[in-house]
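Asks: Please build the complex by placing chain B on the supplied structure of chain A, with the hints as guidance.
Number of protein chains: 2
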Amino acid sequence: MTDFSRTRDMFDLPKGVIYLDGNSLGPLPRAATDRMAHRLQNEWGQMLITGWNKAGWFIEPRKVGDRVGKLIGAPAGSVVMGDTLSIKVHQALASALALRPDRRVILSDSGNFPSDLYMAQGIIDTLNQDHRLETPNPTDVLDRIDTDVAVVMVTEVDYRSGRRHDMAAIVERAHQKGALVIWDLAHSAGAVPVDVTAIPADFAVGCTYKFLNGGPGAPAFIYVRPDLAENCRPALSGWMGHESPFAFDLDYRAGSGIDRMRCGTPPVLALAALDAALDVWDDVDMNDLRARSIELSQQFIDGVLARCPDLTLYSPSDPHQRGSQVSFAFQHGYAAIQALIDRGVIGDFRAPNIMRFGITPLYINDTDIAAAIDIIADVMNAHAWDDPKYQNRAAVT
Amino acid sequence: MTDFSRTRDMFDLPKGVIYLDGNSLGPLPRAATDRMAHRLQNEWGQMLITGWNKAGWFIEPRKVGDRVGKLIGAPAGSVVMGDTLSIKVHQALASALALRPDRRVILSDSGNFPSDLYMAQGIIDTLNQDHRLETPNPTDVLDRIDTDVAVVMVTEVDYRSGRRHDMAAIVERAHQKGALVIWDLAHSAGAVPVDVTAIPADFAVGCTYKFLNGGPGAPAFIYVRPDLAENCRPALSGWMGHESPFAFDLDYRAGSGIDRMRCGTPPVLALAALDAALDVWDDVDMNDLRARSIELSQQFIDGVLARCPDLTLYSPSDPHQRGSQVSFAFQHGYAAIQALIDRGVIGDFRAPNIMRFGITPLYINDTDIAAAIDIIADVMNAHAWDDPKYQNRAAVT
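Protein chains in written order, with the working numbering: chain A, 3 to 399; chain B, 3 to 399.
Don't read these hints as lab results, they were simulated from the structure. Please note that the accuracy of each hint is not assured.
The list cannot tell twin chains apart, which means a pair is met if one copy fits it or any two copies do.
Quick list of in silico lysine-lysine cross-link-like pairs, DSSO-like style, CA-CA up to 30 Å [to be verified]:
1. Lys56 / Lys72
2. Lys391 / Lys65
3. Lys72 / Lys17
Here chain A stands alone, though its shape is the one from the complex (with noise of 0.2 Å):
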């Protein structure tokens, strides 16, 4: 059994502050203060350029890559880290899109996260073919899969509602179509079980900033089904990538497997970051922080909903349909989160009237939910959030 205390000390987390958000920015790991110091210092200070062999930073993005990939079922030599979600999206479309030549359609939803759609409406731009982005309802994607969409791209937990896609039929059903398809994990990776194995997406990308708690644009992570991989060129063709970089070959020849996803130098610094985090998982069993996530998020539900009657649940209320996060709709949702932010319950806002709150067990526990409640149920009933200073303040991711 997982011992959630233990890890709770694991973090650094401010006092007077119940921390609603980490589906946004997880908080600051002990571990990676110390951690980071000595990259700085042992390594990079005092090994210099050696430090590419000695402290192993070349082969860390694979390192690294196989700890993410234990979190999400993938098999050792699956994963690499490197560049943004953004970057990481680009490289499975361009890839997917080029594995399935004959067919034009992205398909994704209205609910998934903006890049993901920037990204695939600039490689369209790009290629120039007619390809086109459809984005129907969320509920509505398993149904419109048919055998002209190339690729199905999907963020597994909508970043506003938190609604759940059913990815095994999903995946499932885009496979009997022909269609490849892309699961984004960035409210899924820490946060939900995931198994690419058992679910066979061909492609999984995620950040590592959110429920991984890797820091402020910690590096993003890109799956490739193995048996895929070798077939997959990226268009993003970097030195990093290529079969033997150090030869400084005029021509690219794409590296083995996962990794010809690598791109430019890899961020040696922020892996170091990523790295402390990752040692909270060690003794997490996934099942246990669903279960702990799926409990927390039930007394929140109940709590909010039974004393706050402007707040309306604009999650699912069946668990099972539902990432780690719980969000209510309410008109004046943005003043009412600063008014929050004011009182130490940090939670986000995202347009047009969602309030949205991460559940994270790893250092969220009862007691704070229960006082979450209290805060949130005053700043409502009370209408702290009709105060002019909260209505004009920039809100970010």
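Replies: What follows is chain B alone, placed relative to chain A:
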């Protein structure tokens, strides 16, 4: 007059090492460790998600971009940080080709860094419109520029020989012929005076882990000529380059000017180290730096050639045709570099036979150069490179 003993004190250099590889990875600036710890503990740890606004993470790619811009003659607001140099090459190339839709040639040279060429090959494959990459000898680039060339993409300073292109002549001729120019500053920024305004290249890109000392895998930069920026549609159209990222619109609309070259979430941790590294430049005059680089390079060349008859100068002997590195050709160069590293002189090797030494006046002085010459002469004249233990290691840029 720039005080180079002061700048030297701003670096944490390991004892017993003469570091002549700052053209590959600059050393650790003393301020970087504290700056990074502050970012982790006081910003990420304490501010959590609110750091995006409170600590200015969101605008930091522009703020740091302006600091880099000062070193390359770019006006404020024309440079932005992020991703890797390979990705920035892609953005510049894709933008340039879209601006010259009737032309099919990407002109580079056989001395360009392979990753730039690989990215071009990836774009050509993707576009599938009969574009082609030409890579003549570096000395033949200028004469090859004609009206079929869409874009000239050259790295000003050759990573192997240190030979410098005459960028003013290349830009002038390219513009006469209606071609665009991408100026890769990987070995120029912080190494030689650069003025992207006086020599009006259309795009300039570079990394920051070499002469700018931002750390392994530090973020890259891109400059776009301000009057051109509004006409560029980046192929990598991520949400941070959107006109209004937090509107979460389903359709991409490019942000204004250089903002559209932003893509995914910025590398906030890495930017802290880079920002600390840029402090070193506050009181450095690039003309002083260049003069000092030429002095030290001449001392190095004269000393080595006088005492090592087996080494041939592979860099141009005319300092005006050379960047801030000195290369020698030697059949057993790989082993010789390993023998030197064992004796505390760190340079590097590039296939097939090049021993490469970076000259970095910020932290290397004439005493270092004299000591390095002594050790190189010992290794060469005692045939220390002939030891079997030096034959089989990996080298990394």
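Asks: Does each hint fit the structure? Answer for all of them.
Replies: The hints, checked one at a time:
1. With identical chains, the CA atoms of Lys56 and Lys72 are at most 30 Å apart within one copy only, with a shortest distance of 25 Å there and 35 Å across copies.
2. Taking the closest pair of Cα atoms, Lys391 and Lys65 come within 30 Å of each other only across two copies (28 Å); inside a single copy the shortest separation is 47 Å, beyond that limit.
3. Taking identical chains as interchangeable, the C-alpha atoms of Lys72 and Lys17 are never at most 30 Å apart, the minima being 32 Å within one chain and 41 Å between chains.
Checked against the numbered hints listed earlier, the structure breaks hint 3 alone; every other hint is satisfied.
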